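Undergrad: With the hints as constraints, model all of the structure from the sequences given.
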Amino acid sequence: MPRMSMIEAIRDAMDVKLGQDDDVVVYGEDVGYFGGVFRCTAGLQKKYGTSRVFDSPINESGIVGTAIGMGAYGIRPCVEIQFADYIYPAYDQIVSEAARLRYRSNKDFTCPITIRTPCGGGIFGGQTHSQSPESLFTHVSGIKTVIPSNPYDAKGLLIASIEDDDPVVFFEPKRLYNGPFDGHHDRPASNWSKHPLGEVPEGHYTVEIGKAKVFREGADVTILTYGTMVYVAEAAVNETGINAEIVDLRTLMPLDIDTIVQSVEKTGRCMVLHEATLTSGFGAELAAQVQERCFYHLESPVVRVAGWDTPYPHAQEWDYFPGPARVGKELKAMMEA
Amino acid sequence: MPRMSMIEAIRDAMDVKLGQDDDVVVYGEDVGYFGGVFRCTAGLQKKYGTSRVFDSPINESGIVGTAIGMGAYGIRPCVEIQFADYIYPAYDQIVSEAARLRYRSNKDFTCPITIRTPCGGGIFGGQTHSQSPESLFTHVSGIKTVIPSNPYDAKGLLIASIEDDDPVVFFEPKRLYNGPFDGHHDRPASNWSKHPLGEVPEGHYTVEIGKAKVFREGADVTILTYGTMVYVAEAAVNETGINAEIVDLRTLMPLDIDTIVQSVEKTGRCMVLHEATLTSGFGAELAAQVQERCFYHLESPVVRVAGWDTPYPHAQEWDYFPGPARVGKELKAMMEA
Amino acid sequence: MSDYGPLKFHVPEPPGRPGDAPNFDGIEIPEAGSVRRPAVDSKAADMKELASTMIRVLNTEGEAVGEWAEGLDDDVLLTGLKNMIRVRAYDERMMTLQRQGKTSFYMKCTGEEAIAVGFRAALSKGDMNFPTYRQQGLLLSTDYPMVDMICQILSNSRDPLKGRQLPIMYSSKEHGFFTISGNLGTQFIQAVGWAMASAIKGDTKIAAGWIGDGSTAATDFHASLVNASVYKPPVILNVVNNQWAISSFRGIAGGDHATFAERALGYDIPALRVDGNDFLAVYAASKWAVERARRGFGPTLIEWVTYRVAPHSTSDDPSQYRPKEESSAWPLGDPILRLKNHLVARGMWSDEQQVQAEAEYNDEIRAATKEAESYGVMGSGASPKDMFDDVYKEMPRHLREQRQKMGV
Amino acid sequence: MSDYGPLKFHVPEPPGRPGDAPNFDGIEIPEAGSVRRPAVDSKAADMKELASTMIRVLNTEGEAVGEWAEGLDDDVLLTGLKNMIRVRAYDERMMTLQRQGKTSFYMKCTGEEAIAVGFRAALSKGDMNFPTYRQQGLLLSTDYPMVDMICQILSNSRDPLKGRQLPIMYSSKEHGFFTISGNLGTQFIQAVGWAMASAIKGDTKIAAGWIGDGSTAATDFHASLVNASVYKPPVILNVVNNQWAISSFRGIAGGDHATFAERALGYDIPALRVDGNDFLAVYAASKWAVERARRGFGPTLIEWVTYRVAPHSTSDDPSQYRPKEESSAWPLGDPILRLKNHLVARGMWSDEQQVQAEAEYNDEIRAATKEAESYGVMGSGASPKDMFDDVYKEMPRHLREQRQKMGV
Ligand SMILES: Cc1ncc(C[n+]2csc(CCOP(=O)(O)OP(=O)(O)O)c2C)c(N)n1
Ligand SMILES: Cc1ncc(C[n+]2csc(CCOP(=O)(O)OP(=O)(O)O)c2C)c(N)n1
Ligand SMILES: [Mg+2]
Ligand SMILES: [Mg+2]
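Chains as they are written, first to last, in the numbering used here: chain A, 9 to 345; chain B, 9 to 345; chain C, 120 to 527; chain D, 120 to 527.
Simulated from the structure, these hints should not be mistaken for laboratory data.
Do not rely on the hints blindly, as some may be mistaken.
[Claimed, not checked] SDA-like, lysine to any residue: derived pairs with alpha carbons at most 25 Å apart: (1) C:K524 - B:W326; (2) A:K54 - D:D122; (3) C:K244 - D:K167; (4) C:K524 - B:E344; (5) A:K55 - D:D122; (6) A:K115 - C:D322; (7) D:K320 - B:D31; (8) D:K524 - A:D31; (9) A:K54 - A:G27; (10) C:K292 - D:D267; (11) D:K127 - C:R414; (12) A:K337 - A:H192; (13) C:K244 - D:D122; (14) C:K512 - A:K54; (15) A:K55 - A:D30; (16) D:K167 - C:S161; (17) A:K219 - C:R522; (18) C:K489 - C:S432; (19) B:K221 - B:R11.
[Claimed, not checked] To be clear about the criterion: a stretch of chain C counts as covered by chain A if any three or more of its residues have a C-beta under 8 Å from a C-beta of chain A, and this derived list gives those stretches: (20) 342-355; (21) 419-426; (22) 512-524.
Since the model is a prediction, treat every value here as computed from it, not as a measurement.
Cβ coordinates follow ideal geometry from the N, Cα and C atoms, glycine included.
TA: Following this line, the structure appears as structure tokens:
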């Protein structure tokens, strides 16, 4: 099976859908001729023409707004917001329009659009190239929120998102584009060609939206996480020797609560881990649900480990980022609680 | 002491500050000559002139963007977003700019602005005149989020917000504008002139941002809530006879965690109640913190009662709204848990 | 810098406020027939003056004059008059329902009927409008069942939108009427996107965006013009300049010293400025822009100059912010009266027919209202069961749980 | 509808891509001196043609000609040349630091130096710029310490922004330089608000917003023009049209068939279009707009026509998307060379002085860099302790807890 980076897997997903379905179009800032600042669409304009893959003006509201109009017409745009930090100008279109069309029109109009956007830090991008705003979308009824952690899932979930008849915000942890990253920024970077999850089948397949995956089985504590933090959790587990079960959520909305409850009921402890700012992050929702549903199984409080409640600082990136040391320390503390 | 409606109290707060401080300006859509669609600024333009109180173009990003510029210049704008449902076009300015100025410039520039906006349902306003988006702001480091539940607090908190050197999003539960509302929409509406919290001192006073208030003392369960839901909670308590302590949070960020922990440690049970959509609502943050901090005092899981995870429907308003019946039922279930 | 005086802050004020005499001196009204009609493939740069003047066809004698009067179909005019009468009668009746407490809310388009009705007459089946709340005329010019419209207003058990939307926020894909949004401006850019899709697919359908003068200030107005400028999709960008945005006059949208049509020129988009109370001008300009779009020559922005005679909505009282007599002083007159006079002058219509048409529509509306009310009125119709459907195509687990919790 | 052919989708393409010969036929360049200079209180409507042409002062012989050449101060020209040399030298040196791994990121303004430097020369103390990342010239034209700028680039222990911001995102209130945002366009409307505040307070200070050609497409560009149109505040809205936005040419912002300056006209805002590589034109136009604003006549939009000679940033490789020779084929030349030639021709400057100035600035920058590096380079300077400060004026409890948890 071919090995792909996450960038290649994402590109391949669009390639497959562009090839299969004339109704799929791909656009965004620098997405056309150049192929995207992260190269996720490289070569696609050449292959499918400027009517299917093209550049957009620098207006994120326009990118999403036109996509909604196209969806209402009946085609399936898959658009790129260059960085998740720049999705806010499109927030009104996403919240007030994309999320509401089906409901308010009693399904007279629907919104089969996909909004791809790179998120997360770890690339020295400073405050405006590092954010993880996923929880801002999970609060909005009508939106699906997806965040893969490896090339295989990225391709399968992106194809599923493009085929989904509802709007999907598809977050791409940019620190994982080239390889798994465990938070040890001072060690040599590894890449997907050496990792089993870099194995990506050719052609069409999907990974179901709304299904979590047990990334690592374990007995003593459950770590609920997603995106880059999956590998940070793995590193912390390896380094502490604590036998944790790591659940890669993959989709935040709709949430796979069954997998979560099953794991926490088994382990009796739960850590929630994400890179986004702590307060009102998606970890809050997870902690709230876990304590509600697993209260009598919990031996200690659900612990949240997350980005601090500050803007994402440039130089202090590795102090901000919840790396394996911080996770390991909290894991140990939990096991003693 | 004069009795005021919440509208009058809010107007009075702006009147006091406009009178005291030449640097205070007030603007927003229909805010000037007309005095606002809810009349919160009625008479202020006449009193202070068009340079201090004026109409804005229908561009919420422009309203907040100009306010940020004014704040950077050194004055204190207090702007109105006509409905909280229309704050999304300004979301980028609030998140990327207002919230970040102080931090990113190492306090070279600051953002002493107040953004007032009516929130919540119960007035048959349909999907776009009923929303409660407060949790979307609590996730953003650098913003303060305030939501009063009565005329006294409204005036004191609004003055404090205008005087605050950081940006404040000030939510006004519009269903409370004229009187307390306990969710019994089929009973005659009461108004503030008959309620002790309608007593509002003349002139300048503040209510401290970041301090919750125990609205009703009780021993058996803590209800954490804010805005309109304070009175719904009160009604449910009266109707069920359950001796609940009702905490009116008043400020969501920064949160008065001490008052919360103290209450929950006393009662051993906790309900979180808000009108906003459940998933990733501010209740998630509250539940997460309470279970983390009060784990060993909790006799049952923290329960969240909130608006359903749908858009706010027009005709089904009272099915959507978490009224006293729903709250009472959940309270009883909790006490049996 | 001491030789510079202190700066002054400028806030535009309308020429009249309550108590003042109405004043429309600022509205320049060219002679009917005085504006040329360029070819539909003209470049924006070659027709700039059409953004600053006003296309008018009916002169004070009720005659149709000038280039824009050519090739107008008499049937369309007759049908247009009837549809306008129908719209006005509908508005009156719905207001009554609101006063009777049978619905929570209503918005009239009095005085603006020619715009939606005339524009609709130029469209073909399959074209899509992205309307605001003041284009009921688009839907009332089609065979969309009036009963369904009233059921939406009443939020009753036959409301096609299941009570989920505020009254007046209709939706009918079948009838080329996009689901109305409460958020201003957001649909304008969606119209551009819809038209882009039509072009991408090599279709022949066109889209029309709608926005008010006040809402041109909104964020997505610019997104729309930029995208229309770049991709040249088959879209007509309609700006209904009815002089007011709730209590704010056009100057608060920056429309006091430049026209809204002129905005388009900076984006290389051709623009027409049209007497919106002149049905013939509306229809002629619409046909021109529709032909231009469908022939692949790209977008047109049209500013329709009109006046919001009615209050903003049933929650509004304009006597608080504008001269009482302003609406009757509006110099472009009543669109229904003007078209009627034209048709009467040409012997195609009579006062009797007018009275009869009014009576017929009143009867139709009365009957439709009666039928609609049989499905319930506000507060007695829509079911909480429906509340959890259609948030997503398939109901996710958490919504099933919530529905269960609610016990429905 | 059968007689209508299928619609086609239009996506603008630049005249050249890698492998093609550079082609600037689309850029019309009027004679230097051919454009009139209206009075500063002129109405937008009375000077429309200035948005479509190009104000140029230096002719091919290096002479200053025409109305815009009048009243320019020789000292300003000399200082301007030196500042431009300084900016270019600074850019070169910072690029080297980035290549050496001492900083993570850098952005040059090569070829655009005249704009920021010339504009700054027209401002007074207390005026405020809201710059983008390509206006380092504004700060480098003041006495802001270069060492501090480099410390910001290095995110070291003396970084005035404590390592919190991406390199190049300077802030200095004292020097009229607003804290740069990574978000495009957002500061443009803040400049308008700042100017509104100045007018409200009866001050004499003015504001200047800055935006790139690509970013004119952003949402807040429109908010800015609308608010500037309505309140007429003392603000100058600078559009730096350097033809490219990363890999997208001006056409993707809708700037292929209309000029960016023309956008302003639809908002009743006067606009100038200026040769941005002609220091004399830049300074003259800036002075005009500053005078207009400070005299209370309101906003001006200026489109500066220039070319982004450098890659977008250190993360970019333009050979991937534009002809290699495009930058050397740019018809408006090099702003430094053009001003130098003018001053040499007038006997105010010489080749030797030029070489000497370059050497001096290189020395200055080398020394400043050395000093800055003594406070650390990327990854070795900023302290995690600072991370929790200044989120709010007073640190709230939850941040104190988090800081404690981090153990700093
Ligand atoms: C984004 C947004 N901001 C504010 C409002 C509140 N609002 C509803 S209608 C209206 C005035 C619109 O005026 P105009 O665009 O001129 O349309 P008209 O009502 O005159 O037809 C306002 C401010 C809204 N619905 N959406
Ligand atoms: C809101 C937003 N969207 C996208 C970006 C990513 N981005 C950074 S610079 C740039 C191009 C800007 O081009 P232009 O405005 O022409 O300025 P120039 O770089 O040419 O000076 C883009 C798309 C951003 N920073 N902010
Ligand atoms: Mg209007
Ligand atoms: Mg550029």
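Undergrad: All the hints need checking, so say for each whether the structure fits it.
TA: Now the hints, each set against the structure:
no.: 1; hint: C:K524 - B:W326; in the structure: holds (15 Å)
no.: 2; hint: A:K54 - D:D122; in the structure: violated (32 Å)
no.: 3; hint: C:K244 - D:K167; in the structure: violated (41 Å)
no.: 4; hint: C:K524 - B:E344; in the structure: holds (17 Å)
no.: 5; hint: A:K55 - D:D122; in the structure: violated (31 Å)
no.: 6; hint: A:K115 - C:D322; in the structure: holds (23 Å)
no.: 7; hint: D:K320 - B:D31; in the structure: holds (8 Å)
no.: 8; hint: D:K524 - A:D31; in the structure: violated (51 Å)
no.: 9; hint: A:K54 - A:G27; in the structure: holds (13 Å)
no.: 10; hint: C:K292 - D:D267; in the structure: violated (60 Å)
no.: 11; hint: D:K127 - C:R414; in the structure: holds (10 Å)
no.: 12; hint: A:K337 - A:H192; in the structure: holds (15 Å)
no.: 13; hint: C:K244 - D:D122; in the structure: holds (15 Å)
no.: 14; hint: C:K512 - A:K54; in the structure: violated (34 Å)
no.: 15; hint: A:K55 - A:D30; in the structure: holds (13 Å)
no.: 16; hint: D:K167 - C:S161; in the structure: holds (21 Å)
no.: 17; hint: A:K219 - C:R522; in the structure: holds (22 Å)
no.: 18; hint: C:K489 - C:S432; in the structure: holds (23 Å)
no.: 19; hint: B:K221 - B:R11; in the structure: holds (21 Å)
no.: 20; hint: 342-355; in the structure: holds (count 5)
no.: 21; hint: 419-426; in the structure: violated (count 0)
no.: 22; hint: 512-524; in the structure: holds (count 4)
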